[in-house]
Amino acid sequence: MTTRAEKPKEELINFGKDVVGQIDQKEAPNINLPIRTLANIYFDEKDKVIKLGNKVSKRTYLNVAHTRKFMQTIMVAAECKKIIDQNVYTSIRDLYYALKRTIPNTKENTFEEQSESDPILEDIEATLNTLREQLHLQADRKGYLAGNILIKDSGDTIDASKMGSSGWAIPSNVESERINFDNCTAEYVLLVEKDAVWQRLNEDKFWKKQNCLILTGKGQPARGTRRLVNRLHTELKLPIYVLTDADVWGYYIYSVIKQGSINLSFLSDRLGTPSAKFIGLTTRDVEKFQIPKNVTIKLNNQDLKRANEMLNYSWFKPKEWQDEIKHMLNVGYKLELEALSAKGIKFISEKYLPEKIEKKIFLP
Amino acid sequence: MTTEDKSDDGIHKQASISEFFEKNRHLLGYDSKIKAMLIIVKEGVDNALDATEEEGILPDIYIKIEELEKDKYKIVIRDNGPGIERKQIPKIFGTLLYGSKFHRLRQSRGQQGLGISMAVLYSQLTTGEATEILASRGKGITRKFKLKIDVKKNEPVILSEETIEGKDWRGTQVTLICEGIYREHKQSVLEYLKQTAISNPYANITFDGPTGKMEFKRGVEKLPKKPKEIKPHLHGVELGIMVRMLHETSARSIIGFLTSEFSRVGKTTADDIAKRAEIDPRTSPKKITDVEVVKIIKAIKEIKLTRPPTDCLSPLGSVSIENGLRKELDPEFVATITRPPAVYRGWPFQIEVGIAYGGSISEARLMRFANRVPLLYQQGDCAVTKSAAGIDWKRYGIESDKLPTGPVIIFVHMMSVWVPFTSESKEAVASYPIIIKEVKLALQECARKLSIYLSGVRKAQAVAERKSIFERYAHETAVALNELTGVNADDVEKKIKQIVDDKWEDIEVYQNNNDNTKSEENPLEKVPPKKEKLKELKDDEEE
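In order, the protein sequences belong to chains F and A. Sequential numbering of the first sequence, starting at 1, is according to our numbering. Sequential numbering of the second sequence, starting at 1001, is according to our numbering.
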């Protein structure tokens, strides 16, 4: 990862110079942007991650549908350069406010919503093949970690086994210039979809009994958490197990951790962890662990639609996954992690997880 | 003035016509004090317009409304028509259903001989006051009458009559005192006069009302062609009318009756009818029995007849409609259409439509007219409304909720020698399918014209908008390029604007938006809203 985008600031300047060059040539300026949709990604069978294809779209100044976005793209690039110059780190919301102003002689703002500036930033990341963290921008912290590991964070050493009930909050930027791993005795990583379940496991000192690290991304994990999982695996060789709800969202969260996402496909080799395993929940667990049927939830139309879409994604092609999704469609229900509490509050930490890990009952 | 007459089953007993309407004045629209004011003005103005047009005079009409005390008004209506002969004055104003014989048909405002005499009756019933009429046929002689109506006899009661000499004018002036309430809302005297000014652009109308004086000025100096009188067409004649006509005719045989009293009936057709009805062609009309009348009506329905002549209709024409709409509404655009004449139930009729758009128009409005008279009430029951509501206005780029909602005024004029109203108060046109169809075709054609205009306007706006978009973002782009690369911002901004000037016209207006860098195809990228999940769970628990 250190080989490319070494000098994001220079990349930004070159990006601007290219546009200025076109203007000097009296040409209507264009920016080429990689297309970040399903149409331009592919599943790399060798690397086992989602990768971005070669298709680019042209954002051209002389197109009424593009002009405003063109301006916004240059503005975001200029702002990124500015904050790198000042050597400060800021949030993507700060970026939005720093750029929001009324265009002279109009009633229009340069940006109306943060939802306008966020995708523009992704455009720039994809175009320059650089991480927003390298552009000195950070997202909200969302993930937490606890377990037997010492972490070096900007000069401080943190013992993640002594973080009480809250755990260590995973920062947005976990690149090696900030975060490094020291002594780790844990044997595997368990990533939990839900914070509430993570808290249950932490309270039960599951990580101590099982000698593991427990992480939660609180829903779809932020990039920081995904990047951390990737580093824990590649640098410490820890196996990664993922625990989510037995529903299409949960399965998709797992697939994003494993293979990367469509939207950030240009970052999959840094954010994806192809050897991650899915520990549960599955709809088959209902029979296997005699979970009462009354805690299951009937599939709604959205679930049905998405389940059928997922059957066609190439990274859900392994027969175990096809079998699980089809089984879910067959039985017509889904279930949440909390449903395991129907078997007793400690069922998850004392029976379900130990048994699955011991017997290696995973989905690939 | 009023020249037609109509027999109706409900009002057949001659002696009690006045009594009947005394008790049933709502049938003629006098159902509220506000509406009564409007109807009286309308009857007076209708008569004034009919009288002047008949003589080929450009109408100059003066209306005054003065509040005497609470809910009591004096209404004066004066025209510059031919005046009325002395002997006719009491009959016209003092007899209900007075008019010339039924079988002379012509496109005119009044049809029944009910209007102005009913106004006189209403005035007398509500205030006890007599109506004053001044009429002059020129030569400095003015006849002045004060009269009431004898309700029992349906006859005028002349209270005073005098002849004034030395005042040189021509025309008729009526002064009525009645109960009423004056308002200026959608169905008011003012709105009626404004719409009358639109549909009669050759008239000059002065209104001296309780809130001030205003003038609706003449817009065209030419009267529409005078409509011809025609005889009724057999397909439009009902049993009762047939009985009455048989009774009143001077023809001596049934053949003579059919050929002389109706249009488009020759000897062959008349023979055919007699034969089918099994009646001796030489039978006197007076001796036809009720059973034979039914047979005749049945025979008429079986035979084919040439359509009635249509030169009896007098459309306003595109120029006058456009003029009327422009002078009173000040719109940005007007489209008009005059349909060819058509026939319903043997009566010729014709539809004219105008659509005025934009400019000073702020609110959508459907204006209905029958023989140039505005129809302000019962919009929902009217064939015109049904036609307009049946059109998919959005297809023509016109905002609508059944009827248009944008700055559009729709003018629909139905003219006929016999307009089929839904009631005696003449407020809505009856929904004959052929009438609905004709109105619809006319509206669609006008809407097409408006839609072409609107798409031109929108295209021009889009072109102007396009250049301004390219210019709008030049400054911020240049400033950002300066921050990024250090180039001179003013210099870059100038260059961008130069490129825009040189190239903007070469760019297609509707470029396809191929900026699809943002992921839209993958709904699963987003984190599912947790609240929704919790809600689902709750819902299940409740079950």
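Worth flagging that the hints you see were computed from the coordinates, not collected in a lab. Heads up, the beta-carbon is just placed ideally off N, CA and C, and yes, glycines get one too. Heads up, some of the hints might be wrong.
Examples of chain A residues toward chain F, derived with CB under 7 Å [claimed, not checked]:
no., residue
1, L1058
2, V1463
3, K1467
4, I1469
5, F1470
6, R1472
7, Y1473
8, H1475
9, E1476
10, T1477
11, A1480
12, L1484
13, N1488
14, I1499
15, K1503
FRET-style restraints, in silico, Cβ to Cβ [what the hints assert, rightly or not]:
no., chain 1, residue 1, chain 2, residue 2, range
16, F, E112, A, A1464, 49 to 59 Å
17, F, K9, A, A1464, 39 to 49 Å
18, F, K305, A, T1422, 50 to 60 Å
19, F, S115, A, A1430, 26 to 36 Å
20, A, S1451, F, S115, 32 to 42 Å
21, A, D1501, F, E112, 21 to 31 Å
22, A, S1451, F, E27, 56 to 66 Å
23, F, N32, A, K1467, 20 to 30 Å
24, A, I1034, F, S115, 13 to 23 Å
25, F, P364, A, K1467, 38 to 48 Å
26, F, E27, A, E1399, 33 to 43 Å
27, F, R93, A, E1399, 17 to 27 Å
28, A, E1184, F, K305, 52 to 62 Å
Status of each hint after checking the structure:
A cut of 7 Å between beta carbons decides the hint on L1058 of chain A: the least distance to chain F is about 52 Å, and the hint is violated. Hint status for V1463 of chain A: violated, given a least beta-carbon distance of 10 Å to chain F, over 7 Å. Given hint, K1467 of chain A at the interface with chain F, is violated; its Cβ is 10 Å from that chain's nearest Cβ, farther than 7 Å. Contact between I1469 of chain A and chain F, as hinted, is supported at the beta carbon level, the nearest pair being about 5 Å apart and thus within 7 Å.
Hint status for F1470 of chain A relative to chain F: holds, with the closest Cβ pair at about 6 Å, below 7 Å. Because the closest C-beta pair between R1472 of chain A and chain F is about 6 Å apart, less than 7 Å, the hint holds. Restraint check, Y1473 of chain A versus chain F: the minimum CB separation of about 4 Å is within 7 Å; hint holds. With a least beta-carbon distance of about 6 Å to chain F, the hint placing H1475 of chain A at the interface is held under the 7 Å criterion.
Residue-level restraint check for E1476 of chain A holds (minimum Cβ-Cβ distance to chain F is 5 Å; threshold 7 Å). Taken as an interface hint, T1477 of chain A checks out: its beta carbon lies about 5 Å from the nearest beta carbon of chain F, inside 7 Å. Checking A1480 of chain A against chain F: minimum C-beta separation of about 4 Å stays under 7 Å; hint holds. Contact between L1484 of chain A and chain F, as hinted, is supported at the beta carbon level, the nearest pair being about 3 Å apart and thus within 7 Å.
The interface hint given for N1488 of chain A is violated, since its Cβ lies 10 Å from the closest Cβ of chain F, which is over the 7 Å cut-off. For I1499 of chain A, the interface hint holds, since its Cβ comes within 7 Å of a Cβ in chain F; the closest pair sits about 6 Å apart. Annotation: interface hint on K1503 of chain A holds; nearest CB of chain F at approximately 6 Å, less than 7 Å. Checking the proposed 49 to 59 Å range against E112 of chain F and A1464 of chain A shows it is violated: the Cβ atoms sit about 23 Å from each other.
Checked against the given bound of 39 to 49 Å, the beta carbons of K9 of chain F and A1464 of chain A, roughly 41 Å apart, stay inside it. For the pair K305 of chain F and T1422 of chain A, the beta carbons lie near 53 Å from each other, so the given range of 50 to 60 Å is met. For the pair S115 of chain F and A1430 of chain A, the supplied restraint of 26 to 36 Å is violated, since their beta-carbon distance comes to about 58 Å. Distance hint check: the CB atoms of S1451 of chain A and S115 of chain F are about 36 Å apart, consistent with the given range 32 to 42 Å.
Remark: the range hint 21 to 31 Å for D1501 of chain A to E112 of chain F is upheld by a beta-carbon distance near 28 Å. Range check, S1451 of chain A to E27 of chain F: about 39 Å between beta-carbon atoms, so the 56 to 66 Å window is missed. Checking the proposed 20 to 30 Å range against N32 of chain F and K1467 of chain A shows it holds: the Cβ atoms sit about 25 Å from each other. About 55 Å separates the C-beta atoms of I1034 of chain A and S115 of chain F, a value inconsistent with the hinted range of 13 to 23 Å.
Our hint of 38 to 48 Å for P364 of chain F and K1467 of chain A is violated, since their Cβ atoms are close to 57 Å apart. In this structure the supplied range 33 to 43 Å holds for E27 of chain F paired with E1399 of chain A, their Cβ-Cβ distance being about 42 Å. For R93 of chain F paired with E1399 of chain A, a C-beta distance near 39 Å fails the hint of 17 to 27 Å. Between E1184 of chain A and K305 of chain F the Cβ separation comes to about 59 Å, which falls inside the hinted range of 52 to 62 Å.
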